[in-house]
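Protein chains: 6
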Amino acid sequence: MLSFGRTLNVTRAAAADFSLRTRPTLTLCSDRRLLRISPRRKCSGKRYNVPPSAEFLARVSGIATMAKLPYQETADGLDAAFIGVPIDTGTSNRPGARFGPRQIRAESALLRSYNSGTRAAPYESLMVADIGDVNVNMYDLKDTCKRIRDAYRKVLATGCIPLTMGGDHTIAYPILQAVAEKHGPVGLVHVDAHADTSDVVLGEKIGHGTPFRRCVEEGLLDCRRVVQIGLRGSGYSADSYEWSRAQGFRVVQVEECWFKSLAPLMAEVRAQMGSGPVYLRRLQY
Amino acid sequence: MLSFGRTLNVTRAAAADFSLRTRPTLTLCSDRRLLRISPRRKCSGKRYNVPPSAEFLARVSGIATMAKLPYQETADGLDAAFIGVPIDTGTSNRPGARFGPRQIRAESALLRSYNSGTRAAPYESLMVADIGDVNVNMYDLKDTCKRIRDAYRKVLATGCIPLTMGGDHTIAYPILQAVAEKHGPVGLVHVDAHADTSDVVLGEKIGHGTPFRRCVEEGLLDCRRVVQIGLRGSGYSADSYEWSRAQGFRVVQVEECWFKSLAPLMAEVRAQMGSGPVYLRRLQY
Amino acid sequence: MLSFGRTLNVTRAAAADFSLRTRPTLTLCSDRRLLRISPRRKCSGKRYNVPPSAEFLARVSGIATMAKLPYQETADGLDAAFIGVPIDTGTSNRPGARFGPRQIRAESALLRSYNSGTRAAPYESLMVADIGDVNVNMYDLKDTCKRIRDAYRKVLATGCIPLTMGGDHTIAYPILQAVAEKHGPVGLVHVDAHADTSDVVLGEKIGHGTPFRRCVEEGLLDCRRVVQIGLRGSGYSADSYEWSRAQGFRVVQVEECWFKSLAPLMAEVRAQMGSGPVYLRRLQY
Amino acid sequence: MLSFGRTLNVTRAAAADFSLRTRPTLTLCSDRRLLRISPRRKCSGKRYNVPPSAEFLARVSGIATMAKLPYQETADGLDAAFIGVPIDTGTSNRPGARFGPRQIRAESALLRSYNSGTRAAPYESLMVADIGDVNVNMYDLKDTCKRIRDAYRKVLATGCIPLTMGGDHTIAYPILQAVAEKHGPVGLVHVDAHADTSDVVLGEKIGHGTPFRRCVEEGLLDCRRVVQIGLRGSGYSADSYEWSRAQGFRVVQVEECWFKSLAPLMAEVRAQMGSGPVYLRRLQY
Amino acid sequence: MLSFGRTLNVTRAAAADFSLRTRPTLTLCSDRRLLRISPRRKCSGKRYNVPPSAEFLARVSGIATMAKLPYQETADGLDAAFIGVPIDTGTSNRPGARFGPRQIRAESALLRSYNSGTRAAPYESLMVADIGDVNVNMYDLKDTCKRIRDAYRKVLATGCIPLTMGGDHTIAYPILQAVAEKHGPVGLVHVDAHADTSDVVLGEKIGHGTPFRRCVEEGLLDCRRVVQIGLRGSGYSADSYEWSRAQGFRVVQVEECWFKSLAPLMAEVRAQMGSGPVYLRRLQY
Amino acid sequence: MLSFGRTLNVTRAAAADFSLRTRPTLTLCSDRRLLRISPRRKCSGKRYNVPPSAEFLARVSGIATMAKLPYQETADGLDAAFIGVPIDTGTSNRPGARFGPRQIRAESALLRSYNSGTRAAPYESLMVADIGDVNVNMYDLKDTCKRIRDAYRKVLATGCIPLTMGGDHTIAYPILQAVAEKHGPVGLVHVDAHADTSDVVLGEKIGHGTPFRRCVEEGLLDCRRVVQIGLRGSGYSADSYEWSRAQGFRVVQVEECWFKSLAPLMAEVRAQMGSGPVYLRRLQY
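Protein chains in written order, with full-length UniProt numbering: chain E, 1 to 285; chain W, 1 to 285; chain A, 1 to 285; chain R, 1 to 285; chain H, 1 to 285; chain V, 1 to 285.
Hints in this document: simulated from the structure, not taken from any laboratory. Certain hints may be false.
Identical copies look the same in the list; a pair holds intra-copy or inter-copy alike.
What the hints assert, rightly or not - Lysine-lysine pairs mimicking BS3-like chemistry, simulated, CA-CA at most 27 Å apart:
id	residue 1	residue 2
1	142	154
2	205	182
3	182	146
4	142	205
5	142	182
6	154	182
Construct the entire structure; sequences and hints are all you get.
Below, the structure is given as C-alpha cells:
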C-alpha cells in the first residue's frame, strides 16, 4: 500500500484514496503491478518519519495511528498525509465503512517500511504523518461533504498530498472538489466493481453511486485521463458503462483482467495519465 | 413479543415500536411482566390471520414475513400491522439496524401464536398482517423522516395500530408526528438505556439521540404520561435526566430495576398511563 | 446469476438448481462464461415482472423475496419460477443449507436487472416470480424427497422452468424425478467439487452424496449429455470418477480448469448438450 | 458440570444428558445449587482416572477427549462414561448440535477435578472415561434412534452410568428406551425452555419436540417423579403445559425461577425424586 | 469505568488495572456499586483534559486513544494515566488479550465524561491522559515482566496513578513490584473468577495463574487488606482458596454475590481497605 | 494433504510441518502439483491404519484424532506420525495457532484415503497414526523449544517421519535441531510469505521470525538444497531476501508464482533437493 510512495511528487499525484465497501477488516495487500514506478524525488537531507520497526517496538504496542507514524494536527511540513474520512451514510446496502479508518490503522501495525517486491522505500524521500480524521456529520450526508471539502482545502493548501482512508465512495466527490480547486481538472485511476456514475438515486444527487457524475458535471476531471478498471456485475441498463465511455473515460471490465498480468495495462494507464496530476482510487475488498 | 396483543385496542394503544440499537441478530424475548394485561376486545366472528404452526409448516420454509403472517400492501382491514423502518443513518456509532426489520422477520419463524407465561392469544381477537417497509431515503435522514411520517399517516388513517420494527431510534419522532396528528398528545412507555432527549448533536436537530426533545417541542407527548425505564451509563452533564424530569417525565434508572420483580413498577406505569393512547417503545438488545 | 435468463426457453432448459454446500452467506457471482448465449425467445408484448431498481426503492426496504420479484403461490403464468428447497438433513458434515433459500433471498436485494458483462436482460423476455419454498419434512429425508418431487410435478405441469435455491445436494434426485416425468431423460451440467455418485452411505440410498447414482439407476439422465466440472479432492477409491466415466459422463477435474479461460470448455459443453432439455446444477461456495 | 459426580451411585441415577440446542460453543457452567449433594459412595482402594492437571499438562496439548480423560472403546469397568450423540437431524430450526460432542470435548480442556463451590470431587470415587460417540445415521433419524438405543443398551449392560453429550433433544427418547429396559420407569429432572411433549410434528412421531410424549406412551417414565423446570415462551395452545400436568409431571415455569435462589426448589425436587433411578437432562445455552 | 475517578487521590489509591481474560471485545460497563464514593480532592483552578463530547466530535472520528483523551509520552503532570500492557503470553488457554488495550481504546469512543448513576465527574478534578503502552517483549514473558516493572517505576515516580488496560493477569505481579517500591505493601480489591495464587504451573513461577503468590512471597501486599471477590469454578484441590485464606485474604465466592445488592459488601470492603493505598483489579468479561 | 504419502520414504523425507499463521479454521487443500511423485515403497504384507470411511462411520462421530487415525502414545512401529505442536507464543502479532493442532484434527474428519487428482494412496504403503501433542510450556518459549526438540528426538529415534501440525513458525528451529542430529543437514522446501530469517527481534534470538537464521548458524540446513517459495510483502530493508540468497538459498518471490502452473518450478525443486533428506514446511492460510 505504501509502495507508490516514491512517485507521489507534486507534479504527478494530486490525491489518493482507499475506499472501503463493506468489509470492516482489511487486508492491505497492494497491487504492486499498478504502482511499480521508479523514484523521482531527491532526498534533501532532512529526516523523515518512519514506521517503527517491529524489531524494536512490539506490534501490539502503541497508539493505533496509520503505520504507527506520528500524529500531527495539521498537514504542515508534510509531503503526504494519511487522513481518515469515516463515513458510510452514503451507502445503499451494508454499512460499516465508518469504522474503516480506525480498523485500517489497527491493522497497519503489520506494515514495514520497504516493499521487497516493488523495492519502494517511500519513507526515504517523503515526510509522512497521520493527521487524523475529518470530523464528519453522521446525520447529514450533504453537510458531511462540505466538511470533507473544507478539510481537504486546508490540507492541500499546505502543498501536502492527501492519502485518504475511507469511508464509503461518496467521499471522492468533495475530495475532488478541493483537489480541482488547487490543481484544476485531474486524471483519475479508478479501480472498482462499479462505475459510481449514477445521476439520481432515491431522489438524491449525493451518495456512493453518484460521485463521478457530479465530478464530471462540475468539471473536476480531465475526462481523457480517466480510467475505470474492474467494472462488473449487474446494472440498471443494457450498457451500464455507456455514460462513462461517452465522457471519454476508458473502461476496463473485469473480464479483461482475468488470467493475465496487468503490467501491460498499467503501462497504458501511465501513458494515458501523462504528467498531469492524478487522483488514485482503490477499492479494498 | 406478541403478548401485548389483546390489549392493543383503539382507545388504549396508539402505536408501538421495537427499535434496534446495534445488534443485528435479535432475541425476541418479551418482558412479559410489562404486558400481562387482561383482554378487552371481543371476537366478532370474523377469521383472523394466524402464524402458521410449525407442526404443519417447516420453520425454514416460506417467505420471511413477520411471524409468517400474510403480507398485504396496505393496512386496510387490519387491527394491527407490522411495519419495518429500516434505517441506521441516525446512529452515532455502530450502524446495522437498517437490517433490523429483515432479520426480525427471519428470526420470527420461531414465534408461535400463544404465550404460555402471559396466556396472551393475540391472534384470536386481532387481525394482523405484515405490510412491509417504509421506502426510506438512505442518503438523507431528514427526507427519510418525512417519508416515515407520511407512511404512518396512511396506516393510521385506516384505524390500524402500527407495530414498528426498527431501525434506529430516530424513527420515534416522525412516527409520533403522525400518531399525534390522529390521537393528539400520547403517553409514552420508553424502555431504553438512553433518554434520547438531546437538543442538538453535531449541529443537527434530528438523529437517534434527539427524538423525544423534538416530540416535546412539537407537543406530541402528554408529558405527565411519559415514563423512561432503564436509563443508565455515562452522560454529558452531572444530571443527564434533569431535562426529562423537568418535562414531567417519570425516570426509572436501571439501578431501580435490579434484583427484583418489575411487576409493582408495571402496575404504577399502568396507573400513570390511564386510559389514553400510549406509544410503546422497546429497545431490544 | 440471472444472466442465463434469455436462454431458458422450453426446448432448451428443463430445470436449474443452485445448491449450497456449507456456507450460509452466499456471493451470488455467476460464472458468465458458462452462460453467455444469445437470446432465442421473442417478446410478445406482455409485461414482465422486473426486480425493482434501487434507484427508486431502497435496497434495505421490502419483504425478502428473490430479487424482490413478486411472490405468487403457484407457477401459473410464469416462464420461470424461483423456488426454495430448504434442507440440509442430507448433509454428511456441516449443516446450515436449510437457511440457504432465506439467505439467498436476503442477499438478492443487491441484484439488478441487466448484466453488463454478458448483456443478458432476462426480465425483458421472461415472466419470473418467487413461488416460495417446498414444505419439507425436517425429520424424514425420504419423505422430504417425496414432497420435493410432488411440488416440482405441479410446477412443471404449468410449463414453467423451476430455478431452485437449495438446500443440500440430495435435492437433485427428487427434482430430476419430476423433470424426467415431463421431459424424459435430460442432459446435466454439474459444477461441483464432488461427483455425488456414491451408492450407499451409512446404509442409506438417499443423501447428499448419492443423487446422481439414483438418477442413473432410474433412467432420469441422458448419460451422453452429462458433464461434471470441477471435481477434486480425496475419495474412497483410487479412481473416484471411474463410475461416472463408465456411465458415459464427461468428467472435467478441477486441474483442467486452472489458469485459463473456460470459454472453450463451455463451447464443448454446449455442443455436448445439443438441443435437448438440460438440468443445470451449480454449487455456490 | 462434574459436580454431581459423587451422587451418581447405582441406586440413584440412571443416566444424564447434556443436550445442546443451537449454540455450538458451550460454556460449561453448571448450576451448582441443583447438584450440591453429599457423597454416598465409598472409595474402594482402586485408582481412578483423573483429568490431567493444567499444572503439568498444557491446556492446549493433547487429543480432545472429555476433560482429557482416557478414551476406551467400551464402558467395561467404568462407573460412569461420557458418550457423545452427535445429531441435529431432529431439529426444527437451527442445526449444528451434531458438533456438540466434539466442541464440548474441545472446551473441556479447561475443567479441573474439584469444584470449589460444591466441594464435589467426582474423580475420587468414580471410575470415568470417554467412550466416544454413537455412530449415528446422518440420513435417517429413525434409524439413528435405533442405533442410539442399541448403543446405550450395551453401555448400561456393564452397570455404567452414561453421561451423554448431545446432540439435539430427540436423543432422550432412545436413551430412555434403553434405560427403562434396565431400570424400569425412571424419574426425570428436565431443565429446558420447552416441554418437548408434542405428539406429531410435520407428520412425524420422532423429532426434537416429541421425545417425552413417546416416553410416556411407552411407559418409560415414572410420571410422579418428573419435573420440568424453566419452561417459557410461545406455544401452540392456550395452555402449552396442560398435557405435562395431566401426566402428573411437575411444571416449573421460568417465571418461578427469577430473582431468587433455586435451593428450596432443588430440595423439593430431591424429595420428589426419592430414592429411585433418575434421568437428568440439562439444556446448555 | 470512569466512575472511580474522584476517589483516586494519592493517599487512597495506588494503582488500578482492568485485565482481560479472553474476550477481545469489551463492554466497559462498570459496577457502580463498587465505586460510589464521595469526592475528596479539590479543584485547583487548572484546566483538565476532558473526553471530547460526541455532540461536537463524531464518535467515529479521531485517533483511538482512551476516551479520546490526549496522548502524551510520559506521565508528567498527570493525576492519573491510562496505560496499556498488551500481553497474553502468560495465558494458559485462549490468547488475544494482547489486543485488549487497542480494543478498549477503540470502544472507549462511546464514553462520556459524567456518570448518571454514580454522579461521578472524574475529569472535573483530575488531570488524565493516555500515555500509550508498555513496549513488551512478545517472546519472553520474564523479560516482559521486567519491562512492565520498569515502565511503572517511571510512571509512579511522577506521582501519577496508573490506570492499566491489560493484558493477561500476569501483569499484576510486575505492576505491584513497582507500586510497593513506592507505596510499601498495598491493599488489593480483586474481582475475578480465579484466585491467581498458584505456585508453579508447567514448571514456571510466572504466568497468569501465579501473580498473587509471587506478590505475597515478596511482601508486596498488605494481606489483611486483600479481598478476592467472585471466585468460582473448578480447581486443583478440595479447597482451592485455602491458601488465600491462610494469608489473611478475605475470599468472597461468587455464590455470595448472587441475587442481591453488593452495596453492603462494598461497605465492608471500604472498611477493610481503610485509608492506606489500594490496588484495584477488575476482570472484564 | 495426504497426497505426499507415498513419497515419504526414509531416504527421501526427514520431516514435514504444516504451520499455521493466524487463521484458526483451516482449509486443508494441498497443492497437488508440489507433491505429485510416483511411489517408491513396497507394501510388505502388513496391515496399515486407514482413515475410516464416511460410508460406514458418520463424519461427526468419533474422537477427533488426525483423519480419525488411531492414537498411540509413541511413534514405535510407525512409518509416519502426525504430531501437534500447539504454540503461538512465538508470534509477533495475532495469536491463536496454539489451537491449530486441535482444529486441524477437527476438520480432518472430512479427509478420505485416496486423492483423485494425484492418485496418491498413502495408507496403502505407510503405517501412520496420531501420536498427540508435544507438552509445551505456555509461559516460556525457550523451554518450549527444548521440549519440542526432546520430543522429536524420541520420535526420530524410532525411524518414524514426523508430520507436524503447528503451531507458529518458531517450531521449525527445535524440530530441525532434532532432525539434523539424526540425518545431518537437510534440504528445505519452505512455502510461506515470509523468509523467517531475522536475526534478533525485540532483543530475542528465538521467535517466529528467526528460525531459519538459527538453523543456518547451527548448520542444520544444507543451504544449496533450500528453496523459499511465495515470499512477499513489506520488509525491514531494501532487499529483504539478500541474506537468504547469500546463504545459497533459492528465493522464489510470489510474483513468480502468479498466473501460471507451478509444475515446472516443482520439477526444478525436485532436482535441487536430489536424493538427500528434506524438511517440508507449508504455510496454510
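Hints, verified against the model:
no., hint, in the structure
1, 142 / 154, "within (19 Å within a copy, 29 Å between copies)"
2, 205 / 182, "within (24 Å within a copy, 34 Å between copies)"
3, 182 / 146, "within (16 Å within a copy, 38 Å between copies)"
4, 142 / 205, "both (10 Å within a copy, 15 Å between copies)"
5, 142 / 182, "within (22 Å within a copy, 33 Å between copies)"
6, 154 / 182, "within (11 Å within a copy, 48 Å between copies)"
The earlier numbered hints are all upheld by this structure, with none contradicted.
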